[in-house]
Amino acid sequence: MMTLLEEFRAWLSAALPEWAAYLIAGIVGIFVVLGFVLTLVIVFIWYERRLLGRFQIRLGPNRLGPEGIFQPIATALKILIKEDVVPEKADRVVHWLAPIVVFVPVLMVFAVIPLSQGAILADLNVGVLYLVAVGSVSAVGIYMAGWGSNNKYALIAAMRTVAQIVSYELPVVLSLLGVVLMVGSLSMTKTVEAQVVPFIVMQPLGFLIFFLGALAEMNRCPFDLLEADSEIVAGYHTEYSGMKFAMFYLGEYGHALAYACIITTLFLGGWRGPVLPPFLWFLIKVVAVFSLIVWLRATLPRLRVDQLMAFAWKGLFPMALINIFVVAVEMLWLVDISRWLVVATNIVLAVVLILAWSRLFVLGRGRVEV
Amino acid sequence: MTLKTEPFILNVGPQHPSTHGVFRMRVTLDGEVVVDLEPVIGYLHRGIEKLAESRTYTQIIPLTDRLDYLASMTNNFGYVLAVEKLGGIKVPERAEYLRIIMAELMRISSHLMAVGFFLNDLGAMMTPVLYMWREREKIMDLFEMVCGQRLTYNYMRVGGVSQDIPDEFLPALKRFIDEMPRFIDEYEQLLSQNEILLVRTKGVGVLPRETAINIGASGPVLRASGVKWDIRKADPYSIYDRFDFEVPVGSTGDCYDRYWVRIQEMRQSVRIVAQAVKQLPAGEICVKVKQPLRLPAGEVYGHVEAPKGELGFYLVSDGSIAPYRLHIRPPTLINLTALRDMVIGWKIADLIVIFGSIDVCLGEIDR
Amino acid sequence: MTVSLDCEQVAKRLSQELPGSVVTVEKPAIVIRTERLREVAEFLRGNPDFEFNYLANLTAVDYLDYFEVVYHLVSLTHNYSLVLKVRCYDRVKPTVPSVVDIWRAADFQEREVYDLMGIVFDGHPNLKRLLLWEGFVGHPLRKDYL
Amino acid sequence: MEIEGHEPALSAWNIDVLEGKRIEELRVASQQPIADPDNWLGAELRRNILLTTVDYAVNWARSRSIFPLMFGLACCAFEMIATAASRFDIARFGMDIFRWSPRQADLMIVAGTITWKMAPAVKLIYEQMAEPKWVIAMGACAISGGTFRESYSVVPGLNRIVPVDVYVPGCPPRPEGLIHGIRLIHRKIMSESIGKR
Numbered sequence: 001m002m003t004l005l006e007e008f009r010a011w012l013s014a015a016l017p018e019w020a021a022y023l024i025a026g027i028v029g030i031f032v033v034l035g036f037v038l039t040l041v042i043v044f045i046w047y048e049r050r051l052l053g054r055f056q057i058r059l060g061p062n063r064l065g066p067e068g069i070f071q072p073i074a075t076a077l078k079i080l081i082k083e084d085v086v087p088e089k090a091d092r093v094v095h096w097l098a099p100i101v102v103f104v105p106v107l108m109v110f111a112v113i114p115l116s117q118g119a120i121l122a123d124l125n126v127g128v129l130y131l132v133a134v135g136s137v138s139a140v141g142i143y144m145a146g147w148g149s150n151n152k153y154a155l156i157a158a159m160r161t162v163a164q165i166v167s168y169e170l171p172v173v174l175s176l177l178g179v180v181l182m183v184g185s186l187s188m189t190k191t192v193e194a195q196v197v198p199f200i201v202m203q204p205l206g207f208l209i210f211f212l213g214a215l216a217e218m219n220r221c222p223f224d225l226l227e228a229d230s231e232i233v234a235g236y237h238t239e240y241s242g243m244k245f246a247m248f249y250l251g252e253y254g255h256a257l258a259y260a261c262i263i264t265t266l267f268l269g270g271w272r273g274p275v276l277p278p279f280l281w282f283l284i285k286v287v288a289v290f291s292l293i294v295w296l297r298a299t300l301p302r303l304r305v306d307q308l309m310a311f312a313w314k315g316l317f318p319m320a321l322i323n324i325f326v327v328a329v330e331m332l333w334l335v336d337i338s339r340w341l342v343v344a345t346n347i348v349l350a351v352v353l354i355l356a357w358s359r360l361f362v363l364g365r366g367r368v369e370v
Numbered sequence: 001m002t003l004k005t006e007p008f009i010l011n012v013g014p015q016h017p018s019t020h021g022v023f024r025m026r027v028t029l030d031g032e033v034v035v036d037l038e039p040v041i042g043y044l045h046r047g048i049e050k051l052a053e054s055r056t057y058t059q060i061i062p063l064t065d066r067l068d069y070l071a072s073m074t075n076n077f078g079y080v081l082a083v084e085k086l087g088g089i090k091v092p093e094r095a096e097y098l099r100i101i102m103a104e105l106m107r108i109s110s111h112l113m114a115v116g117f118f119l120n121d122l123g124a125m126m127t128p129v130l131y132m133w134r135e136r137e138k139i140m141d142l143f144e145m146v147c148g149q150r151l152t153y154n155y156m157r158v159g160g161v162s163q164d165i166p167d168e169f170l171p172a173l174k175r176f177i178d179e180m181p182r183f184i185d186e187y188e189q190l191l192s193q194n195e196i197l198l199v200r201t202k203g204v205g206v207l208p209r210e211t212a213i214n215i216g217a218s219g220p221v222l223r224a225s226g227v228k229w230d231i232r233k234a235d236p237y238s239i240y241d242r243f244d245f246e247v248p249v250g251s252t253g254d255c256y257d258r259y260w261v262r263i264q265e266m267r268q269s270v271r272i273v274a275q276a277v278k279q280l281p282a283g284e285i286c287v288k289v290k291q292p293l294r295l296p297a298g299e300v301y302g303h304v305e306a307p308k309g310e311l312g313f314y315l316v317s318d319g320s321i322a323p324y325r326l327h328i329r330p331p332t333l334i335n336l337t338a339l340r341d342m343v344i345g346w347k348i349a350d351l352i353v354i355f356g357s358i359d360v361c362l363g364e365i366d367r
Numbered sequence: 001m002t003v004s005l006d007c008e009q010v011a012k013r014l015s016q017e018l019p020g021s022v023v024t025v026e027k028p029a030i031v032i033r034t035e036r037l038r039e040v041a042e043f044l045r046g047n048p049d050f051e052f053n054y055l056a057n058l059t060a061v062d063y064l065d066y067f068e069v070v071y072h073l074v075s076l077t078h079n080y081s082l083v084l085k086v087r088c089y090d091r092v093k094p095t096v097p098s099v100v101d102i103w104r105a106a107d108f109q110e111r112e113v114y115d116l117m118g119i120v121f122d123g124h125p126n127l128k129r130l131l132l133w134e135g136f137v138g139h140p141l142r143k144d145y146l
Numbered sequence: 001m002e003i004e005g006h007e008p009a010l011s012a013w014n015i016d017v018l019e020g021k022r023i024e025e026l027r028v029a030s031q032q033p034i035a036d037p038d039n040w041l042g043a044e045l046r047r048n049i050l051l052t053t054v055d056y057a058v059n060w061a062r063s064r065s066i067f068p069l070m071f072g073l074a075c076c077a078f079e080m081i082a083t084a085a086s087r088f089d090i091a092r093f094g095m096d097i098f099r100w101s102p103r104q105a106d107l108m109i110v111a112g113t114i115t116w117k118m119a120p121a122v123k124l125i126y127e128q129m130a131e132p133k134w135v136i137a138m139g140a141c142a143i144s145g146g147t148f149r150e151s152y153s154v155v156p157g158l159n160r161i162v163p164v165d166v167y168v169p170g171c172p173p174r175p176e177g178l179i180h181g182i183r184l185i186h187r188k189i190m191s192e193s194i195g196k197r
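Residue numbers (the working numbering), protein chains in the order written: chain A, 1 to 370; chain B, 1 to 367; chain C, 1 to 146; chain D, 1 to 197.
Do not rely on the hints blindly, as some may be mistaken.
[As the list claims (entries may be wrong)] The calculated lysine-lysine pairs, modelled on BS3-like cross-linking and capped at a C-alpha distance of 27 Å, are: (1) Lys27(C) / Lys12(C); (2) Lys128(C) / Lys50(B); (3) Lys278(B) / Lys138(B); (4) Lys128(C) / Lys21(D); (5) Lys174(B) / Lys233(B); (6) Lys12(C) / Lys50(B); (7) Lys228(B) / Lys90(B); (8) Lys188(D) / Lys152(A); (9) Lys21(D) / Lys152(A); (10) Lys228(B) / Lys202(B).
Derived by calculation from the structure, the hints in this document are not laboratory data. It should be emphasised that the depicted structure is a prediction, and the values quoted were computed from it without experimental measurement.
Construct the complete structure from the given sequences, taking the supplied hints into account.
Shown next as structure tokens:
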């Protein structure tokens, strides 16, 4: 099935030599996707500030343009032209490189996400593997930021980063395995086509684990340890201002957008939808997932570091293992009998496991004798 | 080969999101675990006790407003009671009731802020605080009707209160009294069973009963540790003996109990205000006192159950128009004596939560 | 209702138990000899029918020719209250024994009195300035501080 | 592996003594108030030509999305938070993201009494803020020491330590007063130009 990009390249190669057509098509594709991503990030910044306002019974920014549409543009422009302060004893290179290492992987994720029927930048047949690989690079960037800015609070945040993102990488990858088992291939377009019944219904436990793991990966509430502003002042980006801080700020929202897109593609059936055009369905699902993330941020308090780790290792990891085993067994026998039987067993499995785990494990009472 | 680790001294400095003002803690950390803690205070020391020695008794009332700026009415109430006790001045009935209504409304407002910012320290992004602020704005409107100011009221005088309540005050107060229990149920329903709140506060920062008494803790911090000691019941001042209300007492003395005691105290305060509004008599609101007021030589120690604990005023007068010495007993400073023992062994996140559960106000600590 | 114990009876009882510890009785308070303060404090705290386990307030007053440190004690069990006073006439380096190990409530209050009034509490584990900064000259709450 | 040659960390005592010295130096140095940066007043009259579009765009962005730095010291802090709360919401002006780190903040609202012990911290944080920064002195205590002016430990006015742009009188000033102060800051920003910063 030819994606739009390949058709465009075929049309170009008629007029230009092979390498030129390939190059131009690639660049145009990148610009289109980047354009889409950055505008969506700007809209999401506005959307979150307004939604947070709604949750906190106050009006969000509404002075610039109708309903404050131009507010994020003013914010972004202001942050960009602010003075760029580099602390004197900071490790210059690491300090300068950190925002790039955080921001670029976020954009790379969008290469594999099928935005609409044929609109995918690179239809890799190892799409999911690419996602996982790129997703964990930003942890290094955050650690570089924490270490590079020579600030005690940032250092604590850096330590917490490595612990949190590494330990949540495992449940996220294992729950992805559940999806890959059901689809039978790693390619993202095949995943979307296989989702006659969206996977959130087929394997609720897998979705739950992936969603919680994704929350921890993009350090949003209730796992937002990294820039826990009530404890470690501004976390890893305490010493950043100006352009570098803008990249962190946009990076954070980019991460949220990236994971929202991944969740819609893998669990909510990407662009599949009955009546509306596919691209609109994709946008609706992404905005729905993002609203859920903002809703969690507005309400839930934060977990402590050791409770976070206990939740990952004692809670999500074993559940993900059991989930893969059950899905594998289902794929062998049950799926030929009827799809709805699989759904029923998975829902029962989810309920039983969650109840068992909530009884068995107590999240760390951790008072260390000193 | 043992890896030599070095303790890591962190300054939770005077300007920090959750030190509730300018409080500094020099924390020695081993990784995330707190090994030692030394509070450093005095960043808001304005020398109120020295200034009080050069002001007449009535001029000191605005000074007391700025002590615990979350409970200005109660500060006025405590100071004015001490002066009347030394001067033997009798206050008319209506003024007594007005004082009780204002003091209890202030307690609700202060506890709302305490619980709100406690949740904020736990990480809930400003949302609980803003909902509790909605109630506090109602109380501030009531105070604004009475004395025209939102925060520093300067409402009470030696011998009564400065102004009578306008006629739209009582209907607004009645509406507030009917709504408030429903709002408190809403908070309890949303917060008391919140899984993450329970996990973060149950058993954290325990202040045992004996230590609480030994460090002279008072108010919700003492009652959460299981000591049933409330000055409104133990040593009833003004007309508190005419109202019936319970004193909520915690069991283990951990952060959750301090949060729970404050929520229950809000309910009891609404009951007191309701009874006071029913029994509010007519009559004049202030006894004519010859200005400038001269108190007989002598000394007095008047104490009041402020929202944060036992607020005491030790007043020594030598017969002149200004007090010879005025000492203010700061409940929050003394509640902080055991902060070091409560925090050692816990992590940074718990340090912030435990400090938030003690509910300090720097204006009162540093005076 | 908190019963403030009658000073004469307590003074009589104290002079029986610890002869020579009471100096005089001024109506609301009992003035104790400075060196005997710790014994009186331990006695009042330990004795079953007093049991003053709660130090409500500790402060100091400068009466120009002597300093006076005032202790307001409360017994939570019997609901009694009592006021103790201790005087020191030496204006250059007034010293009073510290009661921190008897009532830990005195910790910050003694440091504050040292900081603002200049009275040294010997036996206090960490006697430093509490409110003012280290380089501050003088003790503001003294009457002779300009 | 032992880490030798590590000079012993300063004990708590001499850290306090160092802090005391710093406070005394600052106290001696700041006897005279610093002049308010009101250079933009004259510029308005001289430059009656239209603002260059770049100036206008930059000033528009800067004034419409100020990140305030929470610097609450005393009672005024609670009126500042009340301004940010639901009733008098300054999020409408794009100021709903309260940055705690001075690096990312551009408006420092000093709300409350500044004591000499706190003065070095105020000065340090002002210097840490990134360049286009403004200061609001909120409340009588920040403007002139207020009711505690003659006390031995209170700085008689924030402008002794930090150049102040807008003074918001009141003790504590009502949230509407603070919002008016913020509007004045907007007007000041709109009339600046990049060249003459």
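Verification of the hints:
no., hint, result
1, Lys27(C) / Lys12(C), "holds (14 Å)"
2, Lys128(C) / Lys50(B), "holds (20 Å)"
3, Lys278(B) / Lys138(B), "holds (20 Å)"
4, Lys128(C) / Lys21(D), "holds (16 Å)"
5, Lys174(B) / Lys233(B), "holds (25 Å)"
6, Lys12(C) / Lys50(B), "violated (37 Å)"
7, Lys228(B) / Lys90(B), "violated (30 Å)"
8, Lys188(D) / Lys152(A), "violated (36 Å)"
9, Lys21(D) / Lys152(A), "holds (24 Å)"
10, Lys228(B) / Lys202(B), "holds (21 Å)"
In summary, the structure is inconsistent with hints 6, 7, 8 from the numbered list given earlier, while agreeing with the others.
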